[in-house]
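Colleague: Start from the sequences and build out the full structure, keeping to the hints where you can.
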Amino acid sequence: MSVKAKPAYPFKPTWCTGCGNFGIWGAIKMGIGALGVPKENVVMVYDVGCSGNMADFNDHYGFHALHGRALPVAAGIKLGNQDLKVLVIMGDGGCYGEGGTHFINLMRGNHDVTLLIHNNNRYSLTTGQMSPTTRKGTKTKSTPVGSIEEPFNPIAIAASNNAGFIAREFAADIPKLSARITEAMNYDGFAMIDILQPCPVYNPAMSYEWYRENVISLESEGHQSNSREAAWKQAMRADKLATGLFYKEDKPSYHAQVKNLQQSSLTKQPISDIDISSLAVEFK
Amino acid sequence: MSVKAKPAYPFKPTWCTGCGNFGIWGAIKMGIGALGVPKENVVMVYDVGCSGNMADFNDHYGFHALHGRALPVAAGIKLGNQDLKVLVIMGDGGCYGEGGTHFINLMRGNHDVTLLIHNNNRYSLTTGQMSPTTRKGTKTKSTPVGSIEEPFNPIAIAASNNAGFIAREFAADIPKLSARITEAMNYDGFAMIDILQPCPVYNPAMSYEWYRENVISLESEGHQSNSREAAWKQAMRADKLATGLFYKEDKPSYHAQVKNLQQSSLTKQPISDIDISSLAVEFK
Amino acid sequence: MSMNTFNWKVAGLSGEGIMVSGLIFSKTSSRHGFYIFDYTEYPSIITGGHNTYQVHAGIEPVYAQKEKLDLLLAMNANALVEHLDELTSNSLVIFDSSDDKINIAEFNLPCKSLDLPMVKLAKEMGATRLMGNNVGLGASAYLLGLDLEILNSVIHDIFARKGQEVVDLNHKAAKAGYEFARNAKAAGQLGNWDFAAFEKQEYPESRVTFTGNEAVALGSVAGGLKLFAAYPMTPSSSVLHYLAAHEDKAGIVVKHAEDEISAINMALGASFTGVRSMTSTSGGGFAYMTEALGLSGVSELPLVVFESMRPGPALGMPTWTAQGDLQFVVTASQDEFPRFVFAPGDAQEAFEMAKLSQELAEKYQGLVILLSDKYLSESRYTAELAVTKLSHERHGFNQNPVSDETGFYPRYKIDKENAISMRSVPGQQGGEHINNSYEHDEYGLATEESQMRISQMDKRKRKLKLMKSEIPQQFYSGSLEDEITFISFGSTKGPLLEAQRQLAANGKKVGVLNLTWLSPFPIEQVSKVIKESKRVVVVEGNQCGQLANLITQETGIKLEENYRRYDGRPFYAEEIIKFINK
Amino acid sequence: MSMNTFNWKVAGLSGEGIMVSGLIFSKTSSRHGFYIFDYTEYPSIITGGHNTYQVHAGIEPVYAQKEKLDLLLAMNANALVEHLDELTSNSLVIFDSSDDKINIAEFNLPCKSLDLPMVKLAKEMGATRLMGNNVGLGASAYLLGLDLEILNSVIHDIFARKGQEVVDLNHKAAKAGYEFARNAKAAGQLGNWDFAAFEKQEYPESRVTFTGNEAVALGSVAGGLKLFAAYPMTPSSSVLHYLAAHEDKAGIVVKHAEDEISAINMALGASFTGVRSMTSTSGGGFAYMTEALGLSGVSELPLVVFESMRPGPALGMPTWTAQGDLQFVVTASQDEFPRFVFAPGDAQEAFEMAKLSQELAEKYQGLVILLSDKYLSESRYTAELAVTKLSHERHGFNQNPVSDETGFYPRYKIDKENAISMRSVPGQQGGEHINNSYEHDEYGLATEESQMRISQMDKRKRKLKLMKSEIPQQFYSGSLEDEITFISFGSTKGPLLEAQRQLAANGKKVGVLNLTWLSPFPIEQVSKVIKESKRVVVVEGNQCGQLANLITQETGIKLEENYRRYDGRPFYAEEIIKFINK
Ligand SMILES: Cc1ncc(C[n+]2csc(CCOP(=O)(O)OP(=O)(O)O)c2C)c(N)n1
Ligand SMILES: Cc1ncc(C[n+]2csc(CCOP(=O)(O)OP(=O)(O)O)c2C)c(N)n1
Ligand code: SF4
Ligand code: SF4
Ligand SMILES: [Mg+2]
Ligand SMILES: [Mg+2]
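Chains as they are written, first to last, in my numbering: chain A, 1 to 284; chain B, 285 to 568; chain C, 569 to 1150; chain D, 1151 to 1732.
To be clear, the hints were calculated from the coordinates, so they are not data collected in a lab.
Check each hint, because a few of them may be wrong.
To be verified - Listed next, the in silico DSBU-like pairs over lysine-lysine satisfying Cα-Cα at most 30 Å (straight line):
1) Lys1728(D) <-> Lys1658(D)
2) Lys543(B) <-> Lys369(B)
3) Lys1312(D) <-> Lys284(A)
4) Lys313(B) <-> Lys268(A)
5) Lys1076(C) <-> Lys1036(C)
6) Lys552(B) <-> Lys636(C)
7) Lys1609(D) <-> Lys1566(D)
8) Lys931(C) <-> Lys1027(C)
9) Lys1678(D) <-> Lys1659(D)
10) Lys1659(D) <-> Lys39(A)
11) Lys1513(D) <-> Lys268(A)
12) Lys85(A) <-> Lys1513(D)
13) Lys730(C) <-> Lys753(C)
14) Lys85(A) <-> Lys176(A)
15) Lys233(A) <-> Lys423(B)
16) Lys981(C) <-> Lys313(B)
17) Lys517(B) <-> Lys136(A)
18) Lys524(B) <-> Lys251(A)
To be verified - A few chain B residues facing chain A, derived, Cβ under 7 Å:
19) Lys369
20) Thr385
21) Ile388
22) Glu434
23) Ile441
24) Ser444
25) Asn470
26) Tyr471
27) Asp534
28) Ala540
Nothing here was measured: the structure is a model prediction, and the numbers come from that model.
Glycine included, every Cβ here is placed at the ideal spot set by N, Cα and C.
Modeller: Structure representation (structure tokens):
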């Protein structure tokens, strides 16, 4: 007892009691498990945040990226080695705020990565400031008299912005979330799941109970996931937060449209035999 | 003739023959003129680009911002002095690419600035690379075998993202555009006009004729500008590019919701009489 | 046990009230008229990590945390493990065997201990578990000879906004702890342990205690700050939090922007309208601001950027301290323009320099970078706020700008006699000009002409000469007889002064030259001290010796001896002494 | 008129084919076996501004542009105004009075001129206005004694993709110009003007001419580049354009990202999978990349960043040259980590160093910054591509990574003997680890522990020692007898060599030490040269003397004499000579 304990690997979660990340974490492990892919072929890219702290709790290859920059890293990994499954963990702050332009622009490219946004409506790791999804009027450390901005609606944006796989799930519904993660990772292209994540410490108002009362499943509504318009309407409704698969469409992913990636991944293309003579011709 | 000519102030436009910026420039001058506001009370904030080169062609106070950063500068100007009219000139590259996160996040705050996007579907000043609004498959200097991304749809995004004044106009329709600019500048809040701007040099395919064939006016369609859904549908249609006022809604602007700006602008609040004694109490 | 100082620490799980308890104890000490220095450690997770708050207090100024504890309030077993090394035979440990399941014998403490049933006592009086912390504070107060009344006054001030009931329960808890300790001591349970308590001192009207970040925030308000736009990043965030919470009283506008780039560009936008503005961040966010620094430079817009350092590279160790960004901030942004870089050495200097930054940014129409680090930003210091009413003149505004035949106002007029040209602001008739991020002519319109480019570059550089004339005497506590002269910058001042005092007590004289002006650099002052010193040791919180580099670059003098630390921990006087004695 | 060199310039409106005409003339010169150096100027607008392309060619190596022209091809009246100063009594001017409404008498030319109806001749043969440029090229060829056949071969290669008809028309135009000039000269219209034409030389197999940016792009491909992600910014964009256009032949993937931050993070993502990657930008974009530089540093990921400088601050003057980002790139990013900073001095070095950068980034698992400027990036140089088939070994990949009892692979193993630990890449069983932007332990998992932090910082710093051992002999052309030794970096090499040659011709010996390795810094080499020199002058393209600063910081030597330029224009040998003669 008087000796400092060595940590077990991977580290044990350091999230607060009741944190929604526990459920998501469980669902991720189940969701990946169901893929039947060797462990080393799944790469997880983590943004900085309470969510991203998960980097130390998993046993896959991991890349703990800079705040807001997980998506370009993930796109780069996939361009480097398209044989990998790439799963991206971000917070709402990193994904829609600091990294907002990556979100709206890489989505359009249909890079074949799966993006999970742990949406707790706060910058939690930095102790609870307003995030892009914070509801108007909310008091946080950076908005002590109430936030002025109306919240960002990631699902509606994705529906308006060419995303091919758009879903929202609730952190506490582990079976549904894990199945959705598997489905998203099996999808060939950019797949996003905005996850409603309770943060009892900095967002106590949006508790598990609150979510249970405010969530409605798209399945129960007979929603058809092949219509952008239906997806957008469900995303924009003010009465409830719909969960489930908003939209899905098959189309070629980014790397599938790059000529030099048709035969094999870049990692498999050797550099032991480079010939620049044909390139040199134009400089004669 | 053998002496270098001194430039006339403001400088004469340096745009290429046939550039859509000429029409927009004319419309801006007319649109501001119709406001009836003293010249010095209109501040123009310019992003970097062919469009932004207009900074030297006008006679208002101007701020030529960094690439992609005109919007935060504009929001800062309005927070500093809300009595000014702030008009922001951006290109599609700066607004939706480099500055994408400012676009989606400052829009939500309803900062009272008018944003004109000179949307020529290219990075023209840097000689014609792909921009976020470039159509899939387009060959540009940075995408010589055709761009892979599907294009960003600024109107649909704005409709999904709490913007209160959303319009699109065609650069060559000067009367309509100038009236829209006046209307936008009279609107209390974030007003955006995505302007279809021909760039004959780097985007010859989307010529004036092409636009005339592909543009349809919302007015002619009986569009009602009080419905986000109708706005979104018009924005998403694939057959035509609708122009006109997609959506308008009255709501308080950002500065109108800041307590310390209720009485007067910050510029009018003196610093000749600061008392920090009440602030010091908590440090006792 | 030292002369007229005590060194107290509370340690436990983060998220369990350690920070508040420490603050209460610190304020209690301060209100006794003691000088205090508080230092805290916590990990980059929200709850569950190890969290400490230590208070070093004394009737003479105290400059830094001390390693060896007089009293450790251990809120769990881990606290005993973590801080065993900090105990001496004269220390005392307070713990709660019942709540934390501690068998104290296992720890082989070198000192006496008091088993205080904090949770049990709290619960008995109907208080919550967390209120048990106040039991520990009450006991601490008794054992170090503090006044229970004063402790209660602090508890009142801290908890008042939670209602009288909470205050009462906390008061009861404190009293229970105070009495438990008194009884235990009286019953001889502490054996021969005793603490030579010292007298309450006068508590001056102007006295405050605040952290470096609070000092920066308050100093900026005092300096006329009007628009603050920022994005949170440890360890700078508390400036944002403080200013947001006090927007109203301070009469300012605070904007939490969507990223750092937006924050700095908003601040520049506001500055263009004539209001004093500022942003704040840490190294990672500062990286994204670097382009806009040059915009302040080229368009001569006043701007204050507060940067609080933490260890890197990249995310590094967010909640720890470092001085590794010095050369980065001095050179950041493409090409060249004059800038001030200030690194205050303690909270008093942080307050003064933040105030000064607002002034100088406006006066010289350009950039001021105010550099701190986690250690200064989040440590609490005693300071005096002698002046709380301030009046500022405005610098460089032309009240009646007149446009010339071009129709524009020559905002960037070239005048070899006068580097600083007069500004106009939007809304002023006749003041029209362009605030340009391109190189520009006298009206601000873009130019690529060779002569105009040179003129404008030279105009901006001429400001540097004036800026140099502002350099004040740098903090220097030393004399020609000193065996060693330490040179440092920013927050390293405290530990060095602490070391100086301890060495002096042992008859060894050392001097301390602590730089707060890094740009423009006090070349003559530094050269002089170096030349007159017998032995110079550069002490800084990084691996490669950036201050030493800067000194060499500016003075041409290579300094070989140095003491550096780059593990996220602050300097300790004890270790500095060990270093020079080895 | 100089010995066995000519200096030719075409000038006119940008957007009117000046660049292509210049390129054709340059290639024609090169295919005569001449060495060439081309320099271009253009404004930051798309059409209508003033645009020049000048070719300095000779049978001995030429190093830089020259001020005084042998032949000016003036495509409009403004060209005559702008370049009057560059004419001597031996110059010749070609202009088109009919098309450009020029009354040549008004210009008071110091030299003879040829009124060449370029547009008229072109139109007569059914060609377009722009094809008239080829009339000017044909005339230039005749007047400088060049072979029309060779000119035609270049015209063919340039226009082939537009079809045979276009080629034919251009050929006709060239011929018309050639003959017009011959006739005019024969008719005595040029008076006593003559040019001492020189012989065609052998044109070696390996000979190429390319710009610095083309050299960087090609060198990177030669070095094994696989993933290139960038965002356009003048003057770096042509690297993106070149690589995008040659994606297929080069066997690489090119991504134009949505901003610079995305570009660099994509490159890092690809690097993590084991492929060699790179990004490119100018100072403004580099500013946004600075945080990610540290990610390369802390997680030991290979990365090459190409940065081409232009004048700042902020947007500055986009299409002009400068060397004002040196200290910024050397220190950019929070905290410390080893990095290479290279500044090639000409296109040959740019090719070699770009190749080397790919190699060294992988070998040392970290950052290489390749620094250029508009002058090097967009000027065209003669170079030799001796080797066009390359085979690269891979460095630091563990083919059989084995995870230990933790379940992770010790990617960041601490080994005092070996600073460089072996990588594993995703997909390799047993190689699991975290590539972390936080400080981390041997497996890459985040840590805040003091000891592990120190170990990992020290591990990274140990690489610096090995990196230093890679420093090659810096370019030094000089001797103990030199009256002056110039010290410079990067592209300033060319004008200094040109000055050296001209001075030598006048019996004055000067030496040139041009640094291409800025980090790690060649301390010993530089100190030695300085100590052995009679007089040292630091020549650099900025206002504050950043190279001089760096030299002082690294060597402790203060250098007082310098020659600096910061107006966007390159150095000219003539002006350097004037400077030292004054
Ligand atoms: C450039 C930069 N700016 C700011 C930060 C500080 N920071 C770390 S995480 C974070 C926000 C976290 O919010 P979110 O992404 O929603 O994650 P959560 O903690 O809520 O899971 C911030 C602002 C940083 N690390 N880097
Ligand atoms: C940080 C930074 N990156 C890149 C550039 C180069 N740049 C200048 S303008 C521009 C894009 C212009 O495109 P757009 O905004 O659409 O304006 P347009 O020229 O088409 O009107 C770019 C990439 C820059 N100035 N700064
Ligand atoms: S602060 Fe919120 S999000 Fe972070 S670990 Fe705690 S409960 Fe979870
Ligand atoms: S390049 Fe295009 S956008 Fe730019 S000035 Fe020319 S026509 Fe206009
Ligand atoms: Mg969050
Ligand atoms: Mg554009």
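Colleague: Confirm or reject each hint.
Modeller: Here is how each hint holds up against the structure:
A distance of roughly 13 Å separates the Cα atoms of Lys1728(D) and Lys1658(D); the hinted pair therefore holds under the 30 Å criterion. Restraint check: the Cα-Cα separation between Lys543(B) and Lys369(B) comes to about 20 Å, which is no more than 30 Å; the hinted pair holds. Distance restraint check for Lys1312(D) and Lys284(A): the Cα-Cα separation of roughly 19 Å lies within the 30 Å cut-off, and the hinted pair is therefore satisfied. Proximity of Lys313(B) to Lys268(A) is assessed by CA-CA distance (about 58 Å); at most 30 Å being required, the pair is judged violated.
Taking the CA atoms of Lys1076(C) and Lys1036(C), the gap is about 35 Å. The hint is violated against a cut of 30 Å. A threshold of 30 Å between alpha carbons decides the hint, and for Lys552(B) with Lys636(C) the separation of about 54 Å lies outside it, so the pair is violated. Under the criterion of a C-alpha separation no larger than 30 Å, the hint pairing Lys1609(D) with Lys1566(D) is consistent with the structure, at around 7 Å. At roughly 15 Å between alpha-carbon atoms, Lys931(C) and Lys1027(C) fall within 30 Å of each other, so this suggested pair holds.
For a cut-off of 30 Å, the pair hint linking Lys1678(D) to Lys1659(D) stands: about 19 Å separates their Cα positions. Pair hint Lys1659(D) plus Lys39(A) does not hold up; C-alpha atoms about 67 Å apart against a cutoff of 30 Å. Between Lys1513(D) and Lys268(A) the alpha-carbon distance is near 19 Å, which keeps this suggested pair within the 30 Å criterion. Of the pairs offered as hints, the one joining Lys85(A) and Lys1513(D) holds, with about 27 Å between alpha carbons and a cut-off of 30 Å not exceeded.
A distance of roughly 34 Å separates the Cα atoms of Lys730(C) and Lys753(C); the hinted pair therefore is violated under the 30 Å criterion. For the hint linking Lys85(A) to Lys176(A), the alpha-carbon distance of about 20 Å falls within 30 Å, and the restraint holds. Annotation: proposed proximity of Lys233(A) to Lys423(B) is violated, straight-line Cα distance about 35 Å (limit 30 Å). Between Lys981(C) and Lys313(B) the CA atoms are separated by roughly 28 Å; this keeps the pair inside 30 Å, and the hint holds.
A threshold of 30 Å between alpha carbons decides the hint, and for Lys517(B) with Lys136(A) the separation of about 26 Å falls inside it, so the pair holds. Between Lys524(B) and Lys251(A) the alpha-carbon distance is near 23 Å, which keeps this suggested pair within the 30 Å criterion. Because the smallest distance between the Cβ of Lys369(B) and any Cβ of chain A comes to about 21 Å, over 7 Å, the interface hint for this residue is violated. Among the interface hints, the one on Thr385(B) holds; its C-beta lies about 3 Å from the nearest C-beta in chain A, closer than the 7 Å criterion.
About 5 Å separates the beta-carbon of Ile388(B) from the nearest beta-carbon of chain A, less than 7 Å, and the hint is met. The interface hint given for Glu434(B) holds, since its Cβ lies 4 Å from the closest Cβ of chain A, which is under the 7 Å cut-off. Taking 7 Å as the C-beta cut-off, the interface hint given for Ile441(B) holds, the closest approach to chain A being about 5 Å. Against a cut-off of 7 Å between C-beta atoms, the interface hint on Ser444(B) holds, since the closest Cβ of chain A lies about 4 Å away.
Contact between Asn470(B) and chain A, as hinted, is not supported at the beta carbon level, the nearest pair being about 22 Å apart and thus beyond 7 Å. Of the supplied interface hints, the one on Tyr471(B) is violated, with its beta-carbon coming no nearer than about 16 Å to a beta-carbon of chain A, more than 7 Å. Look at Asp534(B): its Cβ only gets to about 14 Å from chain A, farther than 7 Å, so that hint breaks. The restraint placing Ala540(B) at the interface with chain A is violated, with a minimum CB-CB distance near 10 Å, outside the 7 Å limit.
In the structure shown, a violation is registered for the earlier hints numbered 4, 5, 6, 10, 13, 15, 19, 25, 26, 27 and 28, in ascending order.
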